[in-house]
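Peer 1: Next come the chains, spelled out residue by residue.
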Amino acid sequence: MLTRTLLLGAASVLAMASFANAETLTIATVNNGDMVRMQKLTDDFTKKNPDIKLEWVTLEENVLRQRVTTDIATKGGQYDIMTIGTYEVPIWAKQGWLLPLDGLAKDYSKDDLLPAIRDAVSVDGKLYASPFYGESAMVMYRKDLAEKAGVTIPEKPTWDQIAEAAKKMTDKSTETYGICLRGKAGWGENMALLTATANSFGARWFDEKWHPQFDQPEWKHALKFYVDLMKEAGPPGASSNGFNENLALFQTGKCGIWIDATVAASFVTNPKESKVADKVGYALFPTGGVENHGNWLWAWNLGVPAGTKKAEAAQKFISWATDKAYTELVASKEGWANVPPGTRTSLYANAEYQKAAPFAKITLDAMTAANTSKPTIKPVPYTGGQFVAIPEFQGIGTAVGQQFSAALAGSMSVDQALQGAQALTTREMTKGGYIK
Amino acid sequence: MARATTTRSKVIFTVIGWTIGFLIFFPILWTFLTSFKSEGAAVATPPQFLFFDWTLENYREVQSRSDYFKHFTNSVVISVGSTLIGLALAIPAAWAMAFSPTKRTKDILMWMLSTKMMPAVGVLVPLYLIFRDWGLLDTRFGLVAVLTMINLPIIVWMLYTYFKEIPGEILEAARMDGASLMKEIVYVLTPMAVPGIASTMLLNIILAWNEAFWTLNLTAANAAPLTAFIASYSSPEGLFWAKLSAASTMAIAPILIMGWFSQKQLVRGLTFGAVK
Chain A
1 MLTRTLLLGA
11 ASVLAMASFA
21 NAETLTIATV
31 NNGDMVRMQK
41 LTDDFTKKNP
51 DIKLEWVTLE
61 ENVLRQRVTT
71 DIATKGGQYD
81 IMTIGTYEVP
91 IWAKQGWLLP
101 LDGLAKDYSK
111 DDLLPAIRDA
121 VSVDGKLYAS
131 PFYGESAMVM
141 YRKDLAEKAG
151 VTIPEKPTWD
161 QIAEAAKKMT
171 DKSTETYGIC
181 LRGKAGWGEN
191 MALLTATANS
201 FGARWFDEKW
211 HPQFDQPEWK
221 HALKFYVDLM
231 KEAGPPGASS
241 NGFNENLALF
251 QTGKCGIWID
261 ATVAASFVTN
271 PKESKVADKV
281 GYALFPTGGV
291 ENHGNWLWAW
301 NLGVPAGTKK
311 AEAAQKFISW
321 ATDKAYTELV
331 ASKEGWANVP
341 PGTRTSLYAN
351 AEYQKAAPFA
361 KITLDAMTAA
371 NTSKPTIKPV
381 PYTGGQFVAI
391 PEFQGIGTAV
401 GQQFSAALAG
411 SMSVDQALQG
421 AQALTTREMT
431 KGGYIK
Chain B
1 MARATTTRSK
11 VIFTVIGWTI
21 GFLIFFPILW
31 TFLTSFKSEG
41 AAVATPPQFL
51 FFDWTLENYR
61 EVQSRSDYFK
71 HFTNSVVISV
81 GSTLIGLALA
91 IPAAWAMAFS
101 PTKRTKDILM
111 WMLSTKMMPA
121 VGVLVPLYLI
131 FRDWGLLDTR
141 FGLVAVLTMI
151 NLPIIVWMLY
161 TYFKEIPGEI
171 LEAARMDGAS
181 LMKEIVYVLT
191 PMAVPGIAST
201 MLLNIILAWN
211 EAFWTLNLTA
221 ANAAPLTAFI
231 ASYSSPEGLF
241 WAKLSAASTM
251 AIAPILIMGW
261 FSQKQLVRGL
271 TFGAVK
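Residue numbers (this note's numbering), protein chains in the order written: chain A, 1 to 436; chain B, 1 to 276.
Rather than coming from a laboratory, the hints here were simulated on the basis of the structure. Just so we're clear, the structure is a prediction, and the values are computed from it rather than from any experiment. You may find that some hints are simply not true.
Claimed, not checked - Restricting the straight-line Cα-Cα distance to at most 30 Å, the calculated cross-link-like pairs of lysine-lysine (DSS-like) are:
#1 K231/A to K220/A
#2 K254/A to K156/A
#3 K70/B to K75/A
#4 K184/A to K110/A
#5 K103/B to K116/B
#6 K47/A to K116/B
#7 K324/A to K361/A
#8 K378/A to K431/A
#9 K168/A to K361/A
#10 K436/A to K220/A
#11 K70/B to K48/A
#12 K374/A to K110/A
#13 K70/B to K310/A
#14 K436/A to K48/A
#15 K70/B to K333/A
#16 K70/B to K53/A
#17 K224/A to K167/A
#18 K116/B to K75/A
#19 K378/A to K94/A
#20 K70/B to K309/A
#21 K70/B to K40/A
#22 K333/A to K53/A
#23 K53/A to K324/A
#24 K184/A to K75/A
#25 K148/A to K167/A
#26 K275/A to K172/A
#27 K333/A to K47/A
From just these sequences and the hints, can you work out the full model?
Peer 2: Below, the structure written as structure tokens:
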């Protein structure tokens, strides 16, 4: 018995030793459709690179953020590649937590990246993460309902036009609501929409000296407009609706207009999931008196933490996953409609993609219209579109989001919510040393 | 007449009992049902109870995307391992506190419990650094160690209350007959406390199985148990309820089955002492 155990042990040690030659990359990622597809296609990579093994750690977005932040801040070295958003990239790069991507494959075409996205993941001209898919925000609406209601939505609508159309499309007797917008509190949930909306109304988070601006008329105008519109033409319980809840409502035909991330277009036009797949029209994010389409810009990117010992292999993988050849690989296996959108200019020039994705043009227009270095008309000390790119924003954004969600739910007035937001933001910014 | 009242009240209590039982069980039932729905049906309003197109698609998808058995094995090793080590440490401790108390015993017990009062996230970074320096990150051994420490106060407390119920005279008698300390614990105390030890063990396995803070934060790919497996099916962009339900059903099934078979032991242990 003992001999047998010893033999088994020796055999497993030998087996482990033979594996030791292969380098294992641990990749942390979120559970979004495009990432799941990437995991399924990794055979292509491992065939080309037999000496690299891949281990995936998929986590829920907030868990992932907490998990990788702990690891990267302590240089724990648990991950070799991390999936991070455009919010984290500049902050982490400045902290020295990310390695600059200067070892990407020779044929990696950096110039092909959409300029807005490339800038969002670069610091001092150096790429610190490679975008995997990107998005802006736009209007998605039901062409059939608009026609029935006798309204047309132009390609560049104003908020007033949206409000009028939404009210006319609403028919509460059939549970059809004119407009579905995010209401669930969170810096990445309702505050993404509301910050972009505020931008489009000419409001800003902070003035040049980092003083919060919730006491200014632009914010009041934007928030009051949102709350009034949602009360009149929105679904019940909207204060707990986020991206997924609105997606479900729109797909089941309960919304006339949905304004959200451009990536939603590929879901609502998928006939397997959506009842309204062939009835969706698109328009740019509305403007509210100033020429500003909200400046919503987001991308999920692959970055290499400074704590890794396998930077070379990690960059090999990133080159594979985010270059043009990967797009073609997805297209050949799963069709053009399923390629990760919003990162490369060449994709939008591709006739086959344009045919497969009727929302391609408007997505590109929305993304090129976004300017994260000048999010709103008035001058600001920060960058970022639907968020403010400072480390404190996660906390402040969520706390302000709770106030605004409460205003939508009716448990406090718009004025009270703005006062609350002003007070708490002033407190946090003073504590953070921004306000002297 | 009295007889009729008894029957009626029996019926009423039975109905109330079943209703409460059903309400408590309902979320699990709903998760189970949702795991057989398509993503669209899972979010349909009004909710569909039994009449939908039943599908195994979610289970297939979960199977093809994750290595269930790796996570399952990790969960078993971590929960059973931490419980057994915890018991080995706690039985002598509880014995000492129950049968040879000093004037500080109560304080020590309170102090042990007080370690549970700090929010876990408060010690995340220091512990993470220790784990990093000792090379324990993403290892089963590291998780067994941390869960043992976290659950140790509860194990000691539970065993202490059970041991207190056992008359010290019996142990004294054994001592009079010449039993050594070890023999006294192994042959006299333990057999009498088996229901208590068993229920402590079961409860701790359940606690460790469901522990979702440390198991998520201290693991990556190798030692991740079923909690990480569930966490991978929630999505910020895209519907996920049906797949998440399938993953949850697979994650709770083993512990549910274990609880089912050992419910007699569990209930007996949890009410141990109360009926005396």
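Peer 1: Against each hint, give a clear statement of whether it holds in the structure.
Peer 2: Verification of the supplied hints:
1. K231/A to K220/A: holds (16 Å)
2. K254/A to K156/A: OK: K254/A and K156/A at ~24 Å, within 30 Å.
3. K70/B to K75/A: holds (26 Å)
4. K184/A to K110/A: It is violated: about 36 Å lies between the C-alpha atoms, which goes past 30 Å.
5. K103/B to K116/B: holds (23 Å)
6. K47/A to K116/B: violated (49 Å)
7. K324/A to K361/A: holds (19 Å)
8. K378/A to K431/A: holds (25 Å)
9. K168/A to K361/A: holds (27 Å)
10. K436/A to K220/A: holds (26 Å)
11. K70/B to K48/A: Holds, at roughly 27 Å.
12. K374/A to K110/A: holds (23 Å)
13. K70/B to K310/A: holds (24 Å)
14. K436/A to K48/A: violated (56 Å)
15. K70/B to K333/A: The hint holds at about 29 Å.
16. K70/B to K53/A: holds (17 Å)
17. K224/A to K167/A: Satisfied, since the Cα-Cα distance of roughly 16 Å is no more than 30 Å.
18. K116/B to K75/A: holds (28 Å)
19. K378/A to K94/A: Holds: K378/A and K94/A sit about 26 Å apart, inside 30 Å.
20. K70/B to K309/A: holds (25 Å)
21. K70/B to K40/A: holds (19 Å)
22. K333/A to K53/A: Cα-Cα ~22 Å, so holds.
23. K53/A to K324/A: The given pair, whose Cα atoms are some 22 Å apart, holds under the 30 Å limit.
24. K184/A to K75/A: Violated, because 33 Å separates the two Cα atoms, which is more than 30 Å.
25. K148/A to K167/A: Answer holds: K148/A to K167/A is near 13 Å, not above 30 Å.
26. K275/A to K172/A: holds (19 Å)
27. K333/A to K47/A: holds (16 Å)
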